[in-house]
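Undergrad: Below, each chain spelled out in residue letters.
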Amino acid sequence: MAIKIQHHSPWRSQVLVIQALLQREFITRFGKYKLGVIWVFVDPLLSVLVIGLLLGPFRGSSSGEIPYAFFLLCGFMLLSLCTGSITASLGAIASNQGLLVFKKVQPLDPFLARFVFQLVTVSSALVIFCLIAVWFGIELSAGHLFEVVTCILLTWMIGSGAGLYLSIAALKVKELEKIITYGMRPLMFISAVLYPIDAIPPAYAQYLLYNPLVHTIESLRMALFPIYTVDRVNLYYPAAWAIIAFALGMMSYRNNRHFLTQR
Amino acid sequence: MIKIDHVTKYYPLKGGKLHYVLKDVSLEIPSNHSIGVLGPNGAGKSTLLRMIGGAEAPNSGSITSTSSISWPLGLSAGFQGSLSGRQNILFVCQINGLSKAETRHVIEQVIEFTQLGPYFDMPVKTYSSGMRAKLGFGLSINFDFDYYLIDELTSVGDATFREKATLEFERIKQSSSLIFVAHNLNVLRKSCNSALFLRNGDATYYEDIEKGIAAYQAYIQEKKGESAHKPVAKKAAAKKTIAEKTVVKKSALHIAAKKTSHSSHITPLPLSKNDTIT
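Just so you know, the sequences run in chain order A and B. Take the first sequence: its letter number 229 is residue 228 in numbering that gives the first Met the number 0, and every next letter is one higher. Take the second sequence: its letter number 98 is residue 97 in numbering that gives the first Met the number 0, and every next letter is one higher.
Among the hints, erroneous ones may be present.
Pairs of lysine to aspartate or glutamate, DMTMM-like flavour, derived with a Cα cap of 20 Å [said to hold, decoys possible]:
hint	chain 1	residue 1	chain 2	residue 2
1	B	K13	A	E174
2	B	K124	B	E167
3	A	K31	B	D120
4	A	K33	B	D120
5	A	K3	B	E101
6	B	K172	B	D120
7	A	K3	B	E107
8	A	K102	B	D145
9	A	K3	B	E167
10	A	K103	B	D201
11	B	K22	B	D4
12	A	K103	B	D143
13	A	K3	B	D207
14	B	K189	B	D207
15	B	K222	B	D201
16	A	K102	B	D143
17	A	K3	B	D145
18	B	K223	B	E206
19	B	K163	B	E111
Because the hints were derived from the structure by calculation, they are not lab data. Keep in mind that this is a model prediction, so the values were computed, not measured.
Hey, can you work out the whole structure from these sequences and the hints?
TA: In C-alpha cells, the structure reads:
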C-alpha cells in the first residue's frame with residue numbers, strides 16, 4: 000500500500016515543515032540530557048547566578064526598586080534572545096544540510112525554525128521566572144503586557160534579522176563567523192544588562208543609547224515594574240532597527256537562496 | 000512528464016571561473032519510462048537529479064512537472080546524522096502531512112524492509128553507507144511517486160539489499176518511472192529503456208538505452224585516445240601505463256577469485272566489472 004502524498008496549501012505546507020524542524024531542534028538540543036527541556040529554565044538561572052555572585056558584593060542593593068537578581072534576569076533573557084538567535088542562525092544551514100534535499104524544506108526553513116525555537120524557549124522561561132518572582136512576593140505589574148510583548152518581539156526581530164543577514168555573509172566569508180562570535184561578547188556590558196542606564200554618566204550614556212537593546216531591556220523592566228523609570232528610552236528606535244534588520248536579512252536571503260542549496 | 004526548459008547550471012570555481020554542468024539544455028522526460036543517466040564523473044548527473052528533485056535550482060531556465068517526484072535517493076539520501084533512523088522517517092512523514100495511522104504503517108514497513116534492528120533507533124551518522132541507502136530506499140517505496148530518482152543506490156549494500164531493490168524496481172516500473180544514475184552499465188540495462196547521456200554541459204536523449212550506452216562507450220574510447228596522443232613526457236607516461244597494467248591485472252585476478260568463490264550464490268545483478276566504467 001503506497002501512500003499518495005497529498006497537496007497542501009503553501010501555508011499548511013510551511014507550518015508542517017516548521018513544526019517538523021522545531022521538533023528536530025528540541026530532540027537534538029535537549030534529547031541528550033536527563034533533565035531535557037528543564038534546561039531552558041536552568042541555563043539562564045545558572046548564568047544569572049554566576050553573574051550575580053560575581054557582581055552582587057559590589058552592587059549592594061543599588062539597583063533601586065527591583066531586586067537585583069530579577070533585574071539581571073530581565074536583561075539577561077532579552078540579551079540571550081538576541082544573541083541566541085544570531086548564534087543559532089550561524090549553524091542553521093550546516094546542521095540541516097541533509098534535510099535540504101527535500102523539496103518542501105527550503106533553506107529559509109531551518110533559520111525560521113531556529114528563530115521560533117529561540118522565541119518559544121526564551122519567552123516561556125521569562126513567563127516562568129515572572130511567576131516565580133510573584134510567588135516570592137516581588138510585585139510585578141500586569142498592566143503593561145502589550146509593552147512586554149513588544150519588547151520581546153522587537154529584540155527577537157533584531158536578533159533574527161541580524162542573524163539571517165550575518166550568517167549568510169558568514170557562509171561566504173568564513174572568517175566572519177569568528178568575528179561575529181567575538182563581536183557579541185561585549186554586548187553584555189553595553190546593553191544595560193548589569194546596571195540601569197541611569198547609573199551611567201550622561202556623557203557616556205548618550206553613546207550607549209545608540210544600542211537598541213538598551214531600549215528594549217530597560218523598557219521591559221519599566222513595563223514589569225511601574226515604579227522603575229528611565230527617561231531616555233523608547234520603543235520606536237528599536238522598532239526601526241527591527242524593521243531594517245529583518246528587511247536586510249530577508250533581502251540577503253532572497254538574493255542568495257540558490258547559493259544556500261549548493262553543496 | 001518533466002519539462003526541462005533551457006536549463007543552465009554552473010558552479011563557481013576558485014579564481015572566479017565558472018564550471019558549467021549544464022548549458023542551455025532543453026528536454027522532455029516522458030512518464031512511465033525508465034531512464035538511465037550516463038556520463039563521466041563530474042558531468043552533472045547527480046546535480047541534474049538534485050535539480051529535478053527540487054533540492055537545487057538551476058541558474059537559469061526552468062524545470063516544471065505536474066507529477067510527484069521523489070527526492071534523490073542515494074548515498075546522501077537526505078537524512079540528518081544526529082537523528083535516529085526512526086526520527087528521520089518521522090520527519091519525512093511530518094513534512095508531508097501524513098496521518099498517525101499512515102506514519103505507523105510507514106515505520107512498520109521500513110523496519111521490515113531495512114532489517115536494521117536496534118540500529119533503527121541509533122543516530123544515522125553511525126550507519127554504514129549501505130544502511131543509509133536501505134533506509135532511504137525503504138522509506139521512498141512507501142510513497143506513490145510518479146518518478147523515482149535513484150543516484151548510485153545499488154552500488155552500496157549487500158546482496159540481499161540488491162535483490163530486494165531489483166524486485167522493487169520491477170514493481171515501481173509497472174506504474175512509475177525511474178531516473179537512474181549508475182556507473183554499472185548492466186544495472187542500467189536491466190532497469191531502464193532509455194538513456195540520457197551527459198557530457199560537457201550537454202545532454203542527449205536516446206530512446207533506446209543500447210544506443211545511449213554505445214554513444215557513451217564511444218565517447219570513453221575517444222577520450223582514451225585523446226589522452227594517449229597528448230605529447231607528454233614519454234618516459235613518465237610509459238611508466239604509468241606499466242603501473243596501470245599491473246594494477247589492472249591484479250584487480251582482474253581479484254575479481255576472478257571473488258567470482259569463483261561466490262559462484263554458488265545467485266547474484267541478482269551480475270557485477271561484471273568489465274562493463275563498469277568509472
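Undergrad: For every hint, state whether the structure bears it out.
TA: How the hints compare with the structure:
Distance restraint check for K13(B) and E174(A): the Cα-Cα separation of roughly 17 Å lies within the 20 Å cut-off, and the hinted pair is therefore satisfied. This hinted pair does not check out: K124(B) and E167(B) have alpha carbons roughly 26 Å apart, beyond 20 Å. A distance of roughly 14 Å separates the Cα atoms of K31(A) and D120(B); the hinted pair therefore holds under the 20 Å criterion. Between K33(A) and D120(B), the direct Cα distance comes to roughly 18 Å. Compliance with the 20 Å bound is thereby established for this hinted pair.
A hinted pair counts as satisfied when its Cα atoms are at most 20 Å apart, and K3(A) with E101(B) qualifies at roughly 10 Å. Taken as a hint, the K172(B) and D120(B) pair is broken in the structure, with Cα atoms around 32 Å apart against an allowance of 20 Å. For the proposed pair K3(A) and E107(B), the alpha carbon gap of about 17 Å is at most 20 Å, so the pair holds. Our distance criterion of 20 Å between C-alpha atoms is met by K102(A) and D145(B), whose separation comes to about 15 Å.
Restraint check: the Cα-Cα separation between K3(A) and E167(B) comes to about 17 Å, which is no more than 20 Å; the hinted pair holds. A hinted pair counts as satisfied when its Cα atoms are at most 20 Å apart, and K103(A) with D201(B) does not qualify at roughly 29 Å. For a cut-off of 20 Å, the pair hint linking K22(B) to D4(B) stands: about 11 Å separates their Cα positions. For the given pair, K103(A) sits about 16 Å from D143(B) by alpha-carbon distance, which is consistent with the 20 Å threshold.
The hinted pair formed by K3(A) and D207(B) fails the criterion: a straight-line CA distance of about 31 Å is larger than 20 Å. Distance hint between K189(B) and D207(B) is fulfilled; the C-alpha atoms sit about 13 Å from each other, no more than 20 Å. A threshold of 20 Å between alpha carbons decides the hint, and for K222(B) with D201(B) the separation of about 16 Å falls inside it, so the pair holds. Distance restraint check for K102(A) and D143(B): the Cα-Cα separation of roughly 16 Å lies within the 20 Å cut-off, and the hinted pair is therefore satisfied.
With a C-alpha separation of about 10 Å, the suggested pairing of K3(A) with D145(B) holds against the 20 Å cut-off. Of the pairs offered as hints, the one joining K223(B) and E206(B) is violated, with about 26 Å between alpha carbons and a cut-off of 20 Å exceeded. Only pairs whose Cα atoms come within 20 Å are accepted, and K163(B) paired with E111(B) is accepted, the gap being roughly 12 Å.
Against the hints set out earlier in the document, violations occur for numbers 2, 6, 10, 13 and 18.
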